[in-house]
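> Residue-level listing of the chains:
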Amino acid sequence: MELFLQQNINAISLGAIYALFALGYAMVFSILGVLNLAHSAIFMWGAFVGLLALDPEKAPLLINFILVGTPLTVIGMVVEYKFIQPGMNYTRSLHLAIQRLIALIIRVIWITILALIGQQIFIQLMPYFPETLTILPVVALIFASVAGGILSIALEFLAFRPLRERKADRLAQLISSIGAALILVNIAQFAFQAVYGRTEAFYPRDVTIFGIGTDPITLGALTITPIRLMILAIAIILMIVLQFMVQRTQVGQQMRAVAFNEKIASLLGIDVSRIYILTFFLAGAFAGIAGILYGMTFLVTTPFIGENIALIGLTAIVLGGLGSIQGALVGGFLVALIQTYSVAFGGSSYRDAIVFVLLFIMLLIRPQGLFGQPEQKRA
Amino acid sequence: MKYLRLLLTLCIIVLMAGVVVAQDDSMMMGDFEACEAPANLPDTVTIGAIFGLSGDISVYGGVQQQGVDLAVQQINDAGYLGEGVTLAVQYEDAVSADDAIAAMTRLVEESGVPAVLGPTLSTHAFAADPIAQENGVPVMGVSNTASGITDMGDFVFRNSLPESSVIPGTIAQSAEILGYTTVGVLYGDDDDFTLSGYEVFIDALDANGIEILGEETFARGDLDFNAQLSNLLAQEPEALIVSALAAEGVQIILQARALGYVGPIIGGNGLNSPAIIENAGEAAEGVIVGAAWNSVSDNPLSVQFVADFEAAYDASPDQFATQAYTGAWLMATAIRCADSVDPAAIRDELAAIQDFPTPLGDFSFAEDRNPVHDPVVQVVEMGTFGVLGADMDDMEEPEMDATEESDG
Numbered sequence: 001m002e003l004f005l006q007q008n009i010n011a012i013s014l015g016a017i018y019a020l021f022a023l024g025y026a027m028v029f030s031i032l033g034v035l036n037l038a039h040s041a042i043f044m045w046g047a048f049v050g051l052l053a054l055d056p057e058k059a060p061l062l063i064n065f066i067l068v069g070t071p072l073t074v075i076g077m078v079v080e081y082k083f084i085q086p087g088m089n090y091t092r093s094l095h096l097a098i099q100r101l102i103a104l105i106i107r108v109i110w111i112t113i114l115a116l117i118g119q120q121i122f123i124q125l126m127p128y129f130p131e132t133l134t135i136l137p138v139v140a141l142i143f144a145s146v147a148g149g150i151l152s153i154a155l156e157f158l159a160f161r162p163l164r165e166r167k168a169d170r171l172a173q174l175i176s177s178i179g180a181a182l183i184l185v186n187i188a189q190f191a192f193q194a195v196y197g198r199t200e201a202f203y204p205r206d207v208t209i210f211g212i213g214t215d216p217i218t219l220g221a222l223t224i225t226p227i228r229l230m231i232l233a234i235a236i237i238l239m240i241v242l243q244f245m246v247q248r249t250q251v252g253q254q255m256r257a258v259a260f261n262e263k264i265a266s267l268l269g270i271d272v273s274r275i276y277i278l279t280f281f282l283a284g285a286f287a288g289i290a291g292i293l294y295g296m297t298f299l300v301t302t303p304f305i306g307e308n309i310a311l312i313g314l315t316a317i318v319l320g321g322l323g324s325i326q327g328a329l330v331g332g333f334l335v336a337l338i339q340t341y342s343v344a345f346g347g348s349s350y351r352d353a354i355v356f357v358l359l360f361i362m363l364l365i366r367p368q369g370l371f372g373q374p375e376q377k378r379a
Numbered sequence: 001m002k003y004l005r006l007l008l009t010l011c012i013i014v015l016m017a018g019v020v021v022a023q024d025d026s027m028m029m030g031d032f033e034a035c036e037a038p039a040n041l042p043d044t045v046t047i048g049a050i051f052g053l054s055g056d057i058s059v060y061g062g063v064q065q066q067g068v069d070l071a072v073q074q075i076n077d078a079g080y081l082g083e084g085v086t087l088a089v090q091y092e093d094a095v096s097a098d099d100a101i102a103a104m105t106r107l108v109e110e111s112g113v114p115a116v117l118g119p120t121l122s123t124h125a126f127a128a129d130p131i132a133q134e135n136g137v138p139v140m141g142v143s144n145t146a147s148g149i150t151d152m153g154d155f156v157f158r159n160s161l162p163e164s165s166v167i168p169g170t171i172a173q174s175a176e177i178l179g180y181t182t183v184g185v186l187y188g189d190d191d192d193f194t195l196s197g198y199e200v201f202i203d204a205l206d207a208n209g210i211e212i213l214g215e216e217t218f219a220r221g222d223l224d225f226n227a228q229l230s231n232l233l234a235q236e237p238e239a240l241i242v243s244a245l246a247a248e249g250v251q252i253i254l255q256a257r258a259l260g261y262v263g264p265i266i267g268g269n270g271l272n273s274p275a276i277i278e279n280a281g282e283a284a285e286g287v288i289v290g291a292a293w294n295s296v297s298d299n300p301l302s303v304q305f306v307a308d309f310e311a312a313y314d315a316s317p318d319q320f321a322t323q324a325y326t327g328a329w330l331m332a333t334a335i336r337c338a339d340s341v342d343p344a345a346i347r348d349e350l351a352a353i354q355d356f357p358t359p360l361g362d363f364s365f366a367e368d369r370n371p372v373h374d375p376v377v378q379v380v381e382m383g384t385f386g387v388l389g390a391d392m393d394d395m396e397e398p399e400m401d402a403t404e405e406s407d408g
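Just so you know, the sequences run in chain order U and W. 1 is the number of the first residue of the first sequence in my numbering; add one for each residue after it. 1 is the number of the first residue of the second sequence in my numbering; add one for each residue after it.
It should be emphasised that the hints constitute simulated quantities derived from the structure, not laboratory data. Every residue gets a Cβ at the ideal spot worked out from N, C-alpha and C, and that includes glycine. Hints are not guaranteed to be accurate.
As the list claims (entries may be wrong) - Taking CB as the label site, the calculated pair distances span: (1) W:Glu110 / U:Asn89: 54 to 60 Å; (2) W:Gly221 / U:Gln243: 32 to 38 Å; (3) U:Ala103 / W:Gly221: 40 to 46 Å; (4) U:Ile75 / W:Gly383: 44 to 50 Å; (5) U:Ala194 / W:Glu199: 38 to 44 Å; (6) W:Gly221 / U:Pro204: 38 to 44 Å; (7) W:Ala207 / U:Phe190: 48 to 54 Å; (8) U:Leu3 / W:Asp298: 17 to 23 Å; (9) W:Gly383 / U:Ala103: 56 to 62 Å; (10) U:Thr134 / W:Gly221: 58 to 64 Å.
To be verified - Covered stretches of chain W (in silico footprint by chain U; criterion: 3 or more residues with CB under 8 Å from a CB of chain U, positions within the stretch not fixed): (11) 52-60; (12) 212-219; (13) 229-235; (14) 246-254; (15) 257-271.
As the list claims (entries may be wrong) - Some but not every residue of chain W turned toward chain U, in silico, with C-beta under 10 Å: (16) Asp190; (17) Glu278; (18) Asn279; (19) Gly281; (20) Glu282; (21) Glu285; (22) Val306; (23) Glu310.
Using the sequences and the hints given, assemble the complete structure.
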């Protein structure tokens with residue numbers, strides 16, 4: 001009996017992280033109707049930013065990067081909207097493809113200049129920072145989620161919006177997100193190599209949130225690490241907050257309207273574009289926080305941790321019902337429980353197989369998932 | 001006048017004796033007396049090396065490259081292969097078995113090297129070594145410890161003491177010193193090294209009358225072992241046996257401690273890396289690993305090697321670096337004694353190496369091209385690998401396919 005309880009505890013804290021991740025997937029799918037396969041890359045970046053923030057020797061690098069990067073990004077965006085986009089009007093008479101090529105070349109040159117300037121300022125500023133800088137874990141969580149949110153917004157502007165404006169097929173947006181994921185993972189490989197000299201890094205072992213740390217406590221025959229309970233609590237609070245936001249606030253109502261039908265929502269005066277940005281930010285923030293919590297649970301971070309979680313997230317939202325936020329929640333916990341039980345009772349070799357077989361069966365019997373609506377034809 | 005000349009002669013004799021005695025202090029690697037100085041070698045002799053230089057096995061491959069580089073530098077500085085002959089190494093990176101196959105093909109068929117060191121993992125060796133065997137090129141594993149490596153053919157050698165030699169001694173010694181009678185076993189069932197380690201552990205446990213309360217498996221790349229560990233620890237074993245590679249090993253150790261387990265954790269060669277201590281921290285205290293070599297060895301060549309390595313790389317060498325360093329010297333000795341770059345001649349000279357002094361001890365190849373030298377049982381205490389117990393003489397003779405024992 002105690003073993004059963006212990007296994008449940010193991011599963012639930014893992015399930016909370018899966019659920020947070022799956023929520024982001026579900027949000028973007030329900031409101032935009034497109035699957036963002038770069039979500040797992042944002043999860044990984046959240047873990048990486050969290051790692052830099054929690055590692056006292058690397059935190060100065062992170063702060064320096066933020067100090068230098070923020071004004072440069074603002075300058076970049078100002079130039080983009082005030083000069084480059086209006087400037088494109090002068091190329092109106094040219095062939096469309098040549099217009100786009102010129103725009104691309106100008107943007108690449110401009111971004112390279114910005115990056116080189118930024119690099120120089122970064123190097124010049126580095127000696128002024130202290131050798132080590134300890135950031136509160138709570139602040140590190142915020143860093144990770146904001147980083148995830150900002151990356152997600154960047155994805156929206158670079159990978160989704162241009163295609164949406166050209167009325168491209170949803171499939172094109174999906175493939176674009178796959179490309180974005182590859183680029184993000186590759187950049188992460190370079191970043192890991194530059195900061196750590198190898199593509200693997202460990203979270204500090206002694207992280208405490210509000211004084212709750214990693215020393216295991218024993219209740220009877222059960223052993224729990226308090227930090228895992230803390231992680232579970234944070235995840236649950238975030239999900240409640242999200243649920244509240246979606247159901248009770250006006251912004252949430254607007255999001256649900258856009259999810260129902262974007263044309264009607266825009267006719268009603270809802271700024272659909274803003275809702276999309278907000279959705280991506282929230283999804284990215286959740287992925288980022290899931291990333292840092294995952295890193296605190298398992299301690300090891302590599303540029304490839306997104307790969308495992310991507311399939312798990314997909315399974316979770318399909319099991320729970322594509323487009324349903326409660327479904328994603330339930331799906332995340334369900335996948336974690338199934339994984340844990342299949343390892344506890346059978347062999348770990350079949351762990352992933354069992355999860356996917358259940359996914360397969362669910363798709364056969366009830367394709368809309370546990371909480372989804374059956375396909376409706378709408379006029 | 002006569003007395004002055006006598007005094008002068010005496011002084012000169014004493015001085016010369018002093019100079020001769022002083023020279024004996026520095027141990028030199030490389031048995032210069034074994035074979036004559038080679039005369040027929042080309043200006044550059046290039047051998048191949050396949051190591052895991054990236055990914056999660058770079059904890060092994062990186063230091064292996066360092067060990068080989070140090071050996072090559074010393075070999076060239078000493079003119080071991082003859083006047084004006086330089087030994088060079090063509091390194092290839094292998095992260096997967098497919099990489100290893102491609103690397104071996106490149107080395108043996110395109111570059112035409114006469115000898116190859118590596119690959120790092122036994123799984124990679126099983127995949128790639130047959131290519132060397134087919135092409136008649138000797139290949140020496142410097143970290144392969146699974147069973148059956150040298151069964152692939154007479155061109156396949158290894159200088160890394162196989163698990164079948166190290167593990168029985170580890171179990172016998174640790175059981176005697178720590179007195180445990182029940183264990184739980186956790187092993188990876190998708191890697192040749194961890195699987196063969198598991199099989200040797202089971203045999204050794206049976207031979208020592210130790211009861212196995214439960215067995216659980218995992219796969220390479222797994223991060224969450226809580227389910228398996230909860231199952232095992234529910235039976236309250238007195239010791240945990242773990243056959244895993246470093247990446248999974250660290251997680252297993254951390255999660256076992258987080259689940260409240262404070263007993264000994266006994267592992268195979270995969271846990272024999274300072275990366276385990278570095279990444280698992282305090283949780284690694286009490287981890288027991290049998291090894292072919294330990295840095296506190298007082299073998300003069302080992303002491304010299306440790307000093308040279310620290311001077312070159314500002315870090316202490318581990319067993320992987322030592323075996324790679326020794327492997328490079330063994331291969332160079334074979335090339336020296338063969339006095340040619342004909343792979344078949346090099347193979348024959350390699351097989352003939354007997355009682356060659358190395359940091360691992362006096363080294364010989366057995367009939368089946370496995371290494372012959374004494375192993376040591378280590379335990380992690382106070383953040384570093386120390387030797388378990390005291391007397392090495394108490395150790396049960398490990399099972400070795402050996403035609404002669406040698407004193408460590």
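> Determine for every hint whether it applies to the structure shown.
We went through each hint and held it up to the structure:
For the pair glutamate 110 (chain W) and asparagine 89 (chain U), the beta carbons lie near 56 Å from each other, so the given range of 54 to 60 Å is met. Between glycine 221 (chain W) and glutamine 243 (chain U), the C-beta spacing of about 34 Å keeps the proposed range 32 to 38 Å intact. In this structure the hint that alanine 103 (chain U) and glycine 221 (chain W) lie 40 to 46 Å apart at CB holds, the actual value being about 42 Å. For the hinted restraint 44 to 50 Å between isoleucine 75 (chain U) and glycine 383 (chain W), the CB-CB distance of approximately 49 Å keeps it satisfied.
Distance hint check: the CB atoms of alanine 194 (chain U) and glutamate 199 (chain W) are about 42 Å apart, consistent with the given range 38 to 44 Å. As the Cβ distance of glycine 221 (chain W) to proline 204 (chain U) is approximately 23 Å, the hint placing it in 38 to 44 Å is violated. In this structure the supplied range 48 to 54 Å holds for alanine 207 (chain W) paired with phenylalanine 190 (chain U), their Cβ-Cβ distance being about 51 Å. Remark: the range hint 17 to 23 Å for leucine 3 (chain U) to aspartate 298 (chain W) is contradicted by a beta-carbon distance near 48 Å.
A hinted range of 56 to 62 Å holds for the C-beta pair glycine 383 (chain W) and alanine 103 (chain U), which are about 57 Å apart. Taking 58 to 64 Å as the suggested C-beta distance range, the pair threonine 134 (chain U) and glycine 221 (chain W) does not conform, at roughly 32 Å. With 4 residues carrying a beta carbon less than 8 Å from a beta carbon of chain U, the stretch 52-60 of chain W meets the three-residue requirement, and the given coverage holds. Interface restraint, the stretch 212-219 of chain W with chain U: holds (4 residues with C-beta to C-beta distance below 8 Å; minimum three).
With 3 residues bearing a CB less than 8 Å from a CB of chain U, the stretch 229-235 of chain W meets the requirement of three and the coverage assertion stands. Closer than 8 Å: that is the beta-carbon criterion, and the stretch 246-254 of chain W has 4 residues meeting it against chain U, so the requirement of 3 holds. Coverage of a stretch by a chain is defined here by at least three residues with a beta carbon nearer than 8 Å to that chain's beta carbons; for the stretch 257-271 of chain W and chain U the count is 4, and the condition holds. Because the smallest distance between the Cβ of aspartate 190 (chain W) and any Cβ of chain U comes to about 7 Å, under 10 Å, the interface hint for this residue holds.
The interface hint given for glutamate 278 (chain W) is met, as the beta carbon of that residue sits about 8 Å from the closest beta carbon of chain U, less than 10 Å. A hinted interface residue such as asparagine 279 (chain W) counts as satisfied when its beta carbon comes closer than 10 Å to some beta carbon of chain U; here the least separation is about 5 Å, so the hint holds. Given the 10 Å rule on beta carbons, the hint for glycine 281 (chain W) holds: about 5 Å separates it from the nearest Cβ of chain U. Among the interface hints, the one on glutamate 282 (chain W) holds; its C-beta lies about 8 Å from the nearest C-beta in chain U, closer than the 10 Å criterion.
Checking glutamate 285 (chain W) against chain U by beta carbon gives a least distance of about 13 Å; that is not within 10 Å, so the hint is violated. Interface restraint check: valine 306 (chain W) against chain U, minimum CB-CB distance 23 Å, threshold 10 Å, status violated. Among the interface hints, the one on glutamate 310 (chain W) is violated; its C-beta lies about 19 Å from the nearest C-beta in chain U, farther than the 10 Å criterion.
When each numbered hint is compared with the structure, violations occur for hints 6, 8, 10, 21, 22, 23.
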